[in-house]
Every structure is written in C-alpha cells, then in structure tokens.
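Peer 1: Below are the chains, spelled out letter by letter.
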Amino acid sequence: MAQSLQRIAAAAVFSLPFLAHAQAPKPATGSLAVAFGAEATVLDPTHSSAGVDQYFFGQMFEQLVRTGPDLKRLNWLAETWSVQDAGGKPVIDIHLRKGVKFHNGDPLTSEDFEYAFKRQSDKKISIWTHLQAAVERFEIVDPLHFRLHFKEGDGSYVASDLTLWAMPKRYMEKVGDEAFERAPVGTGPWKFVSRSVKEEIRFEAFDDYWNAEQRPHVKNLTIKVIPEDLTRVAAFKTGAVDWIDAVPPAMTEEFKKLPGVVTASYVAPNNMYITMDSVTPESKFYDVRVRQALAHAINVDAIIKGVLFGQGQRYVEVGIGELGYDPDLKPYPYDPKKARELLKAAGYPNGFDTPCYNLTTPREPYQKEVGEAYFAYASAVGIRCKVVGMEYGTWISFGRRERQGYVDGLYSNMWGHGLPGDPGTPWAGHLHSYVPGKGWGATSTYSDPEMDALVEDLKREMDIPKREALIKKIARIKHERVAGGLTTYRPLVTFAWRDKVTFKPWPMAFWRSMQEIGLKQ
Amino acid sequence: MLRLFGRRLLQGLFSIIGASIIIFVISRLSGDPIVMMLPNDAPLSAIEEMRRTLGLDRPLWAQYLIFIQHALVGDFGNSYRWKMPALQLIMDRLPATIELAVCGLLFSVAVAVPVGVMSAVNRGGWVDRVGRVFAMLGQAMPAFWVGLLLILLFAIQLNWLPAFGYGSASQFVLPAISLGWYPVAAQTRIVRSAMLDVLDSDHIRLSRALGTPERLIVWKYALRNAAIPLLTMLGVYFAAMLGGAFVVETIFAWPGVGRTVVEAVFARDFPVVQAGVMFTSILFVASNLLVDLSYGLVDPRIRDAR
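Those sequence lines, one after another, are chains L and W. For the first sequence, the working numbering begins at 6 and goes up steadily by one. For the second sequence, the working numbering begins at -11 and goes up steadily by one.
No lab work stands behind these hints: they were computed from the structure. The beta-carbon is built from N, C-alpha and C at its ideal position, and this holds for glycine as well. Heads up, some of the hints might be wrong.
Claimed, not checked - Short derived list, chain W residues pointing at chain L, Cβ under 8 Å:
1. P31
2. F152
3. Y154
4. I239
5. F240
6. R247
Claimed, not checked - Below 25 Å or equal to it, Euclidean Cα-Cα: the simulated DMTMM-like pairs (lysine to aspartate or glutamate) are:
7. L:K262 with L:D234
8. L:K443 with W:E37
9. L:K156 with L:D98
10. L:K373 with L:D282
11. L:K443 with W:E36
12. L:K443 with L:D282
13. L:K443 with W:D45
14. L:K129 with W:D63
15. W:K71 with L:E204
16. L:K123 with W:E36
Turn these sequences into a full structure, and let the hints guide you.
Peer 2: Structure below.
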C-alpha cells in the first residue's frame, strides 16, 4: 500500500503541455446542425443520473483530466497532478491551469472545485456521492492549487478522471440551482444559448476558451434530437443536418459508399456479457465446466457478423484501449463438440433445460436479436433455453441482488463505464461476491474469496501501472473460471458527417463531444 | 342542459380519479425507480436514503394520499430524471401534442367525410369500391409505417417536406397525415354506413319528392343526420390520438407529451407518468364532454329531449 502511495510520476506522462495559450485563436464563424439519437435530461453535471446526460453537459463542462482522441489521458484543467503519501494516507495534489475562464467571465479557481466537491458529496444534489466517500477533506493551498486528502486508497477516483467537474461557485451561489439548470455556465468550448426539450439545444463557440488549438471552428452549433433511426438518416440525407450519430448498423455499408460523406465507427462504452448463477450449488452453472461449455457453444463472431452487420467488437474480459487490456487473452473458440463434452463431464450428457432471460428493450442495437442468437447457440449444444423477454425496468431490477437474490438460468447483461474505461468499478459490482449493504457485488452472480481480495486490492490501488498489472491478473483468472459472466462484445457506434465538416471525435460524451468540429474554409 | 353538463362533469371527475389510482398503483408495481436512478455500486444506505427522500418508503395508500393532496394544487413533484417540476415538463409539451392531434383529426375528417358520403351515394359503384379499399388500406397500415413511407417519399425522394421537427406549417403535414391515416378508415366506414341509413329514411324520400336539389339533400340534410355517430367517435379518436401520438412523435422528432410520458414509463419516472396520465385523462374527459354537448347543436331533437 505504501508503495502504491508514492508520488506517481506517470501522471506527468499523461500530461501534454498546452502551449497554445500564446496563440490568439481565430474567431469561429458559420453555423452547423447535427442530430443525436438520444437526449440528455439535465444540464448540470452534478444532477446527472445517466451516461446520456454527458451528450449535452459534456460540451459545456470540463474535468481536471480528460481522455484524448487517441485514448490517452490528458491533463486538462489540471496542469499537473500527483498522488502523494501523507502519513500513510493518499493525497492527490492538483495544480490548476492558469487563465481558464467560465463562460460568464469568472476565472477558474480552487474554490470552484471545492464547491464542486461539496455538491458532488451532497446526497440531496448528487446520486454519485459514494464516489467522494473516500475523500476525507478538501484543502485549498492557493487559488490554483488544492489537495484532496483520502481516508484510504480509491483507485476508481483516478480511473474516473478525478471525478470532479469545474462548477462556477460565484455564479451558482448568485443564481441558484434551478436558474443554473436553465442557463448553465462551464469552462468548455461551447456556451449554452437555448434548449427546447425533446427538440434541440443550441450552443455558441466560447471565444475566450483556454485551449487555442483543440477547439471548435464554427460559431453556432445546434444539436437536434431525433430518436428514430430512419428519420435521423432522412434528416442527414435531405441536408437538414450535416452530422449524425448512431447510423443504423444495417445502413453503415450504404453510408460508407455515399459520396461526400465521411463515416467513422467507435466502440460504445457498454460491455455485453451473459451472466449465470455461479454461487448457488444447485445451479447448473455452479460447475465451471458448464460455464466453459457455454463459452464454447456461442459463436460470438458469427453473431457480430450476421446479427450486428459487423457493428460489434469482440472482447475478452477487458476491451481494447481499456486499462489492463491484454492482447494475449484469447476468447474461447467456438467448438460445439467440446461444449457437449464439457457438459457430459459435468454430469449432463443429455443437456438440461434452463430459463434464459433476454432484454427486449433495445438499449443497444439489435440487443434482443443478439440475445436470441446467444440462447439458440446454447440450446444447440444442450443448454436448452426457455427464453423469457424482459422490459428494461424489470430487467435492471432483476439483476440486482438485494431485490432478486440469485436467479436460476442465463441472462443477457452489460456493464458500462466511461471511455477508454477501467473495469475496477464494474468488477466491484458483478465479480466481487455480494455483500449486503456495502455496495460490493450489487449485481454479482459469483463468489470467490480469492477474487474478492483481488477486486478489493484493485479498488484501493491508485498507481496506474500497478493497477494495470492487477487488472490483467484478475482478467486471466476471470477468463479461466468464466467468473462473473461470459464476456461477448462491445457495440460499435457509427457517426457520419458531410465532407465539408471537419470533425475529430473525442471520447467524452461517448464520441459525441464537439470539441473539434468546424466547417472547411 | 345544465343538469346534463353537471352529471357528465361528475362522471368525468370519477373517471379521472379512477385513472389516477390505476396509474399510481400500476406504475409502482412495475419496478423500482431507485434501482434505475442509482449506480450499481451505490451502497444500500444510499438506496434507502434516496427512497426516503422520494417518499417511496411509505405505504402505497399514504403515497397516494400525499400525491392527490399535492396534485390538487398543481404539484405533481419533481421529475426524478429531469430534476424539474413534472407538471411543467408536461404542460410545456402538451400544446405540441394537442396541435398534432387536432391536425390529425382534421385531416382524418377532411378525408373520411367526403369519401364516406361519396361511397354511400354511389353505393356499389366504383367510387364505393375505391372508398372501401382506401378504408381497408388505412386500417392495415399502422402509423409508424405510414410515417416512414411518407418520409421516404416526400422528404427523401421528392424533398418537398421536412422529415422532422416542429414549428413551421410544413412540419405539420407529414405527422398529421401519419396520425390521421388510421382513423380515416374507421371514420369513412361510419360515415358511409350512417349515410346509407339516412338516405333510406322517410324524410329524405320526402325531400326528394318535394324536388329538393340532391346536393342539398346529401350534404346538408342527410349528412347532418348521419353526423351523430361520427361525432361520438371523434371524441374517442381525439383522446386516442393524444395517447397514441407517441409513435408519430418519435418518428417525426415531435416534442410532444406522448414521447415524454412513454420515456418516463421506461425510466420509472413516477411524477412525470402521473402528471402525463392525469392530463391525458382530463383531456379525454373534456373531449367526450364536448362531444356530448355538441349532439344538441347538430340535432335539435336531442337538445329538445334534454
């Protein structure tokens, strides 16, 4: 632990010096309309209750650390930061970037982050207070220098880009929470102009934005909300918008061939997997051979190709680009013969019947059809599925141990995180044993003291290289034991824009960040 | 007349209270919003605290009494997801849905009445046969399918009308047709059937014997008598359009209340669901009340009988 609390030189590695302050940016001109398939509900990051909220507030608000287009972590509002040891307890020491302003002209100071910390720790305001639970106190050293003192190590704090959003203390204290929600003010590249719920949000490029190089090159941006896929496509084809997200998988090939159109596919932040009760001895899936049989039974590559039109990326425990990704970890090959042998060895020569729960709400494209394919493959080797469809609200309650207990059978599941991602928090939820009332294993179907100890170590580990090694170690064991479910694929999301638009996708807001967008001169 | 109005109003009030109880109970039986609101790694203490904060730890009857007490003064609580008053969220979206439903209804009546009348007048002829095929097609094509076809044809192929959005007159055309398409079929049948009955009646035969021009007989005397069943159905259709506009609103990115409420159902956002259903119920009752009252305007015999 002591070693893990050493000053992390690696923080400097993530830091890219921004020398752009010296250059005067060209004022942005022109207007651009884009269309998103989903809509954020709130504009204040502290009120956020779902990843989709980032779609809007992610354009206006910024964090201390951020992931760049190449999936490398950049020091953003933090000029430098490091983890230090203070008498056996970790401290994150942060120096803020000079010259950063909020959209109303107020300078960014340590007090704004202290205010953000207090709001994010307030249960009446935020649902993410547990992310601040390990922080003992916030110390302001000077207007551009502060420290976060921790009670104990919290790796998720580091993994989540230091969690805090820059909030304008003076402005918020003046206008109050409700007025702030109607007229939010951040430090980001886009200033809020107006919003019409279920319709659109309008932004204007922030001329005094601190980052002279990585900034929008168009003055006005309108994000239209068009949930229906074909309508969004029609809006693009008719020229009503020049950029769309979530091109339907069945249409991606057509879009790639459209003249004057650029497309790009990126991995979504959801990790799909199939889970099963491996805790209850009476469960058929308690035996590792049955879980391995399932892993050999399902042809994930064929599902990606045939059901998802190629719009999926196979992953084994940890996705490409994610911290701890191990290219040497290979998926179980599709081998129905071996699957049957494993079932026979486990005492099921004739297979067995089992309920298989399928999410029917399309949270990801073709999710219902993918689930049906999983269960058809499983049935083909003898894990005979009786498929039960579930609507999203029921399904999400169904996966929670404190409500449902352990569920007999298989069910399609997923875990999400920011991009590029760190599996620490999701594993604490579904790989660690369920511990009532403590937050561990809230969605777990697995119990193993060795794994619990490793996941708890990971939770505490704030040293990035050590964290990475630990993730790789856990992933190998998890894979061998098919523990915490069988990982399958990560959905790909395709974006399309006209070639008159310059767009560089940043992973913030799940690749919908308009950090670098403009019109060709 | 006043007694009838009062009686209908009282019945409507009971209907609204009944709807509020049903939606209150069903929404709470359908799932726990706390599970959807809090992240997976939230400890049990946070879950329990959130449940207390939202008043969801109380017995169902107590929750309902608190809800109805606040609802009476227009307070439906704050949306769990939008963090704003649920009533405001609904009221801001309601005009768009009412406008869409009215336009859809006008479209359906504008098509159904002439087609139904012409079919009845030309019973068994080619106009009648075309009218019946038209009616059958209308009922066989759901709104989402009609909407997508209209977008493909009028927005993408011909580029005459916008594919989505709300505000300008041109943006009303495709959503209104999509929403009104389905009722056209049923309304055409109702008008045709009612017209056939009326055209066979004694007073029409008498009018013809007196030499009244056929145009007047059909479009004034017969249609007025045949309008009662259509009027009855219009109230029901208008309410159905308010509730069923969700599909059309989604397809055309229309910022209406239907989309808002359905998304709230998926998110178990009880305050928004309750406010939405309450206001849809009120509009349903109001539209039926208006239809009841309009009978007297159309048919003086009903007015006199009352």
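Peer 1: Against each hint, give a clear statement of whether it holds in the structure.
Peer 2: A quick look at each hint next to the structure:
1. P31: 4 Å, holds
2. F152: 5 Å, holds
3. Y154: With a minimum Cβ separation of about 6 Å from chain L (threshold 8 Å), the hint on Y154 of chain W holds.
4. I239: Status holds, d = 5 Å.
5. F240: Check passed: Cβ of F240 of chain W comes within 7 Å of chain L, closer than 8 Å.
6. R247: OK, holds: R247 of chain W within 8 Å of chain L, min 6 Å.
7. L:K262 with L:D234: 18 Å, holds
8. L:K443 with W:E37: 14 Å, holds
9. L:K156 with L:D98: 15 Å, holds
10. L:K373 with L:D282: At roughly 21 Å apart (the allowed maximum being 25 Å), D282 of chain L and K373 of chain L satisfy the hint.
11. L:K443 with W:E36: 12 Å, holds
12. L:K443 with L:D282: Status holds; Cα separation ~20 Å.
13. L:K443 with W:D45: The given pair, whose Cα atoms are some 20 Å apart, holds under the 25 Å limit.
14. L:K129 with W:D63: 20 Å, holds
15. W:K71 with L:E204: 18 Å, holds
16. L:K123 with W:E36: Holds: K123 of chain L and E36 of chain W sit about 21 Å apart, inside 25 Å.
In summary, the structure agrees with every hint in the numbered list given earlier.
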